[in-house]
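Put chain B on the given structure of chain A with help from the hints.
So the protein lines, in turn, are chains A and B.
Letter 268 of the first sequence, counting from 1, is numbered 268 in the UniProt record's numbering, and no numbers are missing.
Letter 101 of the second sequence, counting from 1, is numbered 101 in the UniProt record's numbering, and no numbers are missing.
Keep in mind that the hints were calculated from the coordinates and are not lab data.
Be aware that a few hints might be false.
[As the list claims (entries may be wrong)] When the alpha-carbon atoms are kept at most 25 Å apart in a straight line, the in silico SDA-like pairs for lysine to any residue are as follows:
1. Lys105/B <-> Leu36/A
2. Lys111/B <-> Met86/A
3. Lys163/A <-> Pro72/A
4. Lys48/B <-> Asn247/B
5. Lys260/A <-> Asn247/B
6. Lys53/A <-> Arg113/A
7. Lys104/B <-> Phe73/A
8. Lys111/B <-> Phe98/B
9. Lys105/B <-> Phe40/A
10. Lys258/A <-> Leu9/A
11. Lys104/B <-> Phe77/A
12. Lys260/A <-> Val231/B
13. Lys111/B <-> Met1/A
14. Lys104/B <-> Tyr68/A
15. Lys104/B <-> Thr69/A
16. Lys111/B <-> Arg113/A
17. Lys260/A <-> Asp70/A
18. Lys258/A <-> Lys269/A
[Said to hold, decoys possible] Covered by chain A, per the in silico footprint, the following chain B stretches (three or more residues, Cβ under 8 Å):
19. 113-123
20. 216-228
Please read these numbers as outputs of a predicted model, since none were measured by experiment.
Quick reminder that beta carbons are idealized off the backbone N, C-alpha and C, glycines included.
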Amino acid sequence: MPREAEPSLNERAFVVQALQEGLRVDGRAFDQYRQLELKFGEQYGVADVTLGKTRILVKVSAEVTTPYTDRPFDGIFTITTELSPMASPAFEVNRPTETEVLLSRLLEKTVRRSNALDTESLCLVAGQKCWSIRVDLHVLSHDGNLIDVSCFAVVAALRHFRKPDTSIEGGHLTVYTPAEREPVPLSWLHSPFCVTFSFYGEGEITILDANLLEEQLRVSSCTISLNRHGEICQIAKLGGTPVEAATLLQCASVALNKVKEFSTLLDQKLAEDAKRRNKGGLLAELSAENER
Amino acid sequence: MPLDTSTYNLALLRIDGRRWNELRQLRGQIRTQAAADGSSYLEMGNTKIMCVVTGPSEEGKRRNQGASSASAAGSGSSTSASATNAADILVSVVVGGFSTVDRKKRARSDKRIQELQATLAKSLAAVLHTHLFPRSTISLSLHILSQDGSLLACMINAATLALVDAGVPMTDYLVACSAGSTSSHSAADERADPLIDLNNQEEQELPFLTVGTLGASDKVVVLVCESRVQVSRLEGMMVAAADGCVNIRAYLDSVVREKGHRMVAEGAVEKGASMAMDIDV
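Just chain A, same shape as in the assembly:
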C-alpha cells in the first residue's frame, strides 16, 4: 500500500518550532486562509475550486429514476468522492483510503444529513418517479485542507446547478429541454461550510487551513460545519491529542465568522455568474439581429 512521503526530521522540527514562535512556513497568519478561488463551468453545476495548490472539481448531474421503496416521497441524493492517484501517490483507484472514507462521511453529514437539499422536492410521482441528484467530486491536486475545499465546492456546485423543468399532465411526465423551458434551481434550504482547525504542541496552538506539510505534522484536528445562521451541522474531532474544551468553544465562534465569509463569497460569485449568463432575457434571445 503506497504511503505519502513523510516529512523529514528537520522539516518536522523546523515547522513545529516556527509555529511555537508564532510563524507559519508560508508566512500566513494562524487564522488566515490561502487564496480561495471559485470558477463555474459553462454547464450548470460545475464548480472548480482552488485554495492555494489544492484544487477540486465538482460536477452535479440529475436523472429521473424510481425512488427507494422505503422512501417513496423522497428523491435520491448522492455524493461520491474520488481521490485519484493524480492528486497524490498515496491514493489508489478502487481502494478508498481512510482520508477518503472520512472525507465522504464528513460531506455526507454536512450536506446530506443536515438537509441542505430538500430531497422531498425531488419527488415527481410518489413511489414511481423522482430525480436522482448525483454529485461527483474529483480531487485534482492535494495540498492539504481537502475537507474545507470539498465542502465549499460541493455547496457551490449544488447551488449553481439547474435541473430540467418538468410537468405532469394526466399521469404523463414531461421533461423539458433547456431550449423549451428554462431549467430550475434545486430547492436549497441552507448552505453549510466546513472549517478545519489543526492543533500543535499540547493542543494550545491552533491554525486554520493547514497545507499538506502542516497537516502531516498536526497532533489533532477538528472540523466544524456551520451555516451562516449559526447552526452547527456537524463537529468531528475524531481522536488525537486532547484539547481544552474552552479552545474548542472558541474554535466554534471563529468558525462561524469564517463561514459567514465563505457564504458572502459564494453569494457574490453566484450573482456574478448569473449576470454573465443573463444576456438580456427573452427579448435578446429572440432577436433576429445579427452582428455584422
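Showing chain B alone in chain A's frame:
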C-alpha cells in the same frame, strides 16, 4: 418515528423517567474472556458492548483488512508503526445483526463503521503510551450486542476498560458521554436544557453530541456531533457531557478496583510492593 418530547417541560422528567443529569444504569465487568489479554463488557442502559484486546504483540504478517489503525503520531493520515517506533492500534467493530430492532445486515466496509473504527483508534492512540511498545500491535475487537443510543460513548468506555485489563499503560481513563439538548434545532428558545446519556429514542429526536475526555479533566479527546444545533447550545451540552464523563470515570474506576480487590482476595495475584494501586483486603 417521531417522539413526543414536549412532555419534558411538564415534570422535567425524560421519556424513561430520568432527570437531565442522570446516567442510565451502568454495568461493567472486566476480564470476561479468559483467553484474551484484556476484555470487558459494558452496559450503558440497553447499549451493550463487549471488547476484547489482543496485544501488545509482535506485528502480524498482514494488517487486518477491515480494521482501522492509528499510531501515536498518526494524525491526518494513519502512519504505520514501523516508521514511528510506536505501537499500532487496530480496531475492528462488529455490529451484531441482532443489535437493533430491525435486523439489518451491515457490511464490514460500511463507511459509518469505518469512521467509528478510525475514531476509536486515533483517540486511544492519544491516551495510550504506545511508544513503550515499538514495532508491535494492540488490536481491539468490539462487538456491539445491543444498541440503544450513546453507541460511540459506550464503545470508548468499553475499550478503556479492556485496555486497563490488558495492562497497557495509559495517561488516564478515556471516558465518553453523550449529551443532547431539549427542543429541536428550529426552536430558538433559550430555555433548552442539556440532557446527558441519551437513549435511542432521544437520539432520533434531539440534537446530540458525544464528548470523550481524558479522565476527569476537561481536556477533550473526542467531540462528535452529527445533528443540527445552534452554536450557542454547544457550551451547555459540552459542560453537561463533561460532567457525565466524571461520573462515568468514577464508575469505571470502581469496576477496576473491585476486580483487583477480588483477585487479591482470591489469591490470583499477590499483593506485592510493586503494585501501585492501594488495595486493602
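message: Let me make sure I understand: some of the numbered hints might not hold for this structure. Which ones are they, in numerical order?
response: 1, 5, 6, 9, 10 and 17
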